[in-house]
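Turn these sequences into a full structure, and let the hints steer you where they fit.
Chains as they are written, first to last, in my numbering: chain A, 1 to 251; chain B, 252 to 637.
Worth flagging that the hints you see were computed from the coordinates, not collected in a lab.
From the three backbone atoms N, C-alpha and C, an ideal C-beta is built for every residue, glycine too.
Where chain B lies over chain A, by a calculated footprint (3+ residues, C-beta under 8 Å):
{"id": "1", "stretch": "76-84"}
{"id": "2", "stretch": "90-96"}
{"id": "3", "stretch": "126-132"}
{"id": "4", "stretch": "147-160"}
{"id": "5", "stretch": "182-194"}
{"id": "6", "stretch": "241-250"}
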Amino acid sequence: MKSNRRKFIKFAGLAALGWSICPSLAGAGPSRYKRIEEGLRAERWAMAIDTTKLTQEVMERAIAACHELHNVPRIESDKNIKWIWVETFYNLIYDQSHPYLQERQLPVLTLCNHCDNPPCVRVCPTKATFSREDGIVLMDFHRCIGCRFCMAGCPFGARSFNYYDPKLFLDEDEINRDFPTRDMGVVEKCEFCAHLLDQGQRPACVEAAEGVLFFGDVRDPESEVRQVLGERYSLVRKPKLGTEPQVYYLI
Amino acid sequence: MLEKAIQGSALYWIWLLVLLAVIGVGFFAYLTQLDQGLSVTGLNRDVSWGFYIAQFTFLVGVAASAVMMVIPKYLHNHKAFARMLILGEFLAVAAVIMCLLFIIVDLGQPQRLFNVVLYPTPSSILFWDMVVLNGYLFLNIFVGWVTLQAERKRVGPPRWIIPFIYISIPWAISIHTVTAFLYAGLPGRDFWLTAVLAPSFLASAFAAGPALLILLAYAIKIFAKWDPGKEAIQSLAKVVIYAMLAHLFIIACKVFTAAYSMVPDKLEHYKYLYFGLEGHTMLATFSWVAISAGVIAVITLLFPKNRQADNILAFSMILVLMSTWIDKGLGLITAGFIPTPLHHIATYIPTQTELLITLGIWATGFLIITVLYKVGIGVRKEIESG
Numbered sequence: 001m002k003s004n005r006r007k008f009i010k011f012a013g014l015a016a017l018g019w020s021i022c023p024s025l026a027g028a029g030p031s032r033y034k035r036i037e038e039g040l041r042a043e044r045w046a047m048a049i050d051t052t053k054l055t056q057e058v059m060e061r062a063i064a065a066c067h068e069l070h071n072v073p074r075i076e077s078d079k080n081i082k083w084i085w086v087e088t089f090y091n092l093i094y095d096q097s098h099p100y101l102q103e104r105q106l107p108v109l110t111l112c113n114h115c116d117n118p119p120c121v122r123v124c125p126t127k128a129t130f131s132r133e134d135g136i137v138l139m140d141f142h143r144c145i146g147c148r149f150c151m152a153g154c155p156f157g158a159r160s161f162n163y164y165d166p167k168l169f170l171d172e173d174e175i176n177r178d179f180p181t182r183d184m185g186v187v188e189k190c191e192f193c194a195h196l197l198d199q200g201q202r203p204a205c206v207e208a209a210e211g212v213l214f215f216g217d218v219r220d221p222e223s224e225v226r227q228v229l230g231e232r233y234s235l236v237r238k239p240k241l242g243t244e245p246q247v248y249y250l251i
Numbered sequence: 252m253l254e255k256a257i258q259g260s261a262l263y264w265i266w267l268l269v270l271l272a273v274i275g276v277g278f279f280a281y282l283t284q285l286d287q288g289l290s291v292t293g294l295n296r297d298v299s300w301g302f303y304i305a306q307f308t309f310l311v312g313v314a315a316s317a318v319m320m321v322i323p324k325y326l327h328n329h330k331a332f333a334r335m336l337i338l339g340e341f342l343a344v345a346a347v348i349m350c351l352l353f354i355i356v357d358l359g360q361p362q363r364l365f366n367v368v369l370y371p372t373p374s375s376i377l378f379w380d381m382v383v384l385n386g387y388l389f390l391n392i393f394v395g396w397v398t399l400q401a402e403r404k405r406v407g408p409p410r411w412i413i414p415f416i417y418i419s420i421p422w423a424i425s426i427h428t429v430t431a432f433l434y435a436g437l438p439g440r441d442f443w444l445t446a447v448l449a450p451s452f453l454a455s456a457f458a459a460g461p462a463l464l465i466l467l468a469y470a471i472k473i474f475a476k477w478d479p480g481k482e483a484i485q486s487l488a489k490v491v492i493y494a495m496l497a498h499l500f501i502i503a504c505k506v507f508t509a510a511y512s513m514v515p516d517k518l519e520h521y522k523y524l525y526f527g528l529e530g531h532t533m534l535a536t537f538s539w540v541a542i543s544a545g546v547i548a549v550i551t552l553l554f555p556k557n558r559q560a561d562n563i564l565a566f567s568m569i570l571v572l573m574s575t576w577i578d579k580g581l582g583l584i585t586a587g588f589i590p591t592p593l594h595h596i597a598t599y600i601p602t603q604t605e606l607l608i609t610l611g612i613w614a615t616g617f618l619i620i621t622v623l624y625k626v627g628i629g630v631r632k633e634i635e636s637g
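Written out as structure tokens, the structure is:
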């Protein structure tokens, strides 16, 4: 074959094209993502919080475990970040309270409800927040454009926005390298420790609160969370909105 | 036609320079925001939308209101609007561009803006808002430019442009409807969760847009020495009155529903808006200014004599703009977030940086209006001088 400049350029061009397409073709597809076999599985993850056993100490331990694990910055202003925090029973469940309720001022843990019908997922314009098959509502911190539509959409105030660069509020030595820190300008929230579940461990707050938080597959009649829901009276927040919260409060 | 934009008097160039200076200040403020994030704003965990989104909402209305001239002109052959229509269309262009800018400065990660296109999500109203706003921008530039060019050549608009003009009518309604749906479809935000939100948006928009247009018409009369015509202005004034009455009526309906039913989830927001809660009464002051300005403007304008007096009409239009701007630009967003879903009373006051960026975007809008109007009026003058 006679080679000339024209042929060489053609060939080089085709090769460059092929090289640019092929790696992405070879790399894509299901083979790239492996399911971790030892992960915990459920049809529908849910949590039940025993409000009668929530002491100050237990709640602080749960919050610390969560916020340390997920590199949640400690910002002391109204631009703060919270994944799990304390509110009074009345603030959480005011639509099912009355003035003479004893538990009105009872401090209670609260977090993302991982709704079955989550409005935050519906309103997100980029699918940066999405529901997993097992019901966990997750965030893709790298896709989020920071429009904060999900914060307006959430009827539970579960979402926080990184008004600041969170790294400014994190101690370099205390950063957990197993979980990403976030960029400025994205939304974040509780993830039911999906990354721990996938490694066969239970959520950090559940472990830290020892027996006060029940966690499991709510569709499985044998699960711990389902058992306790069957035995005791429980409430969810704002049931009339139809978001179907999966965090239950045991009374 | 664009060459007309670079042939102007000293005053024209000074005005452009002033606007550019304001844009420059706004731009530097935005650089600070890019560097330090939205922490430079007064926004917080509870009031997560504020001044930017409010301006956006107000301006979508201004943009949509061009339809209040398109309908009489093209559906009812109301000739008085023929000369002035181009001003309405160009105002819409400037308003939509401001809307898009306000969305961009509100984003935490503006460089990821195109994720909305890369991962299109039809379940999100924001996706549809992007579609209708950009479509409306295109329609107005296209229709405005083609009809103006035809006029310059002293021929009627080409027939193929007519479908675009007709499409622009429902499209105008759609931009403000979809914008209202951003809010009206959110569970748990009872202030916005009402079927009447989109109609109320349209009513206040059809008051605010034509009011701004009337004021611009007066400015043009003074500075560009071109009279859009008394009849056009009077027709617009009537649109403003009807729309303002509808707007005030809908406010009354919303307040009644909340106040008489006494359902706390709704009532609390109105208490905050009009009286303040836990000592936060600043917004309430503004709300009463808005109501008073609106009522005074309507009462004044109901008398034909007042309407026909240029200075009274102009003053009333300022009142209408003030009223509608406070309603959407201050009250709507903040009162929707307070009380919070956890029944706390949060606060939100825009910061200086936020105000400078906002001012910069408004200046950008006025720059676009000035240049487009220079072209439009230049062509008009050329035709009318023979």
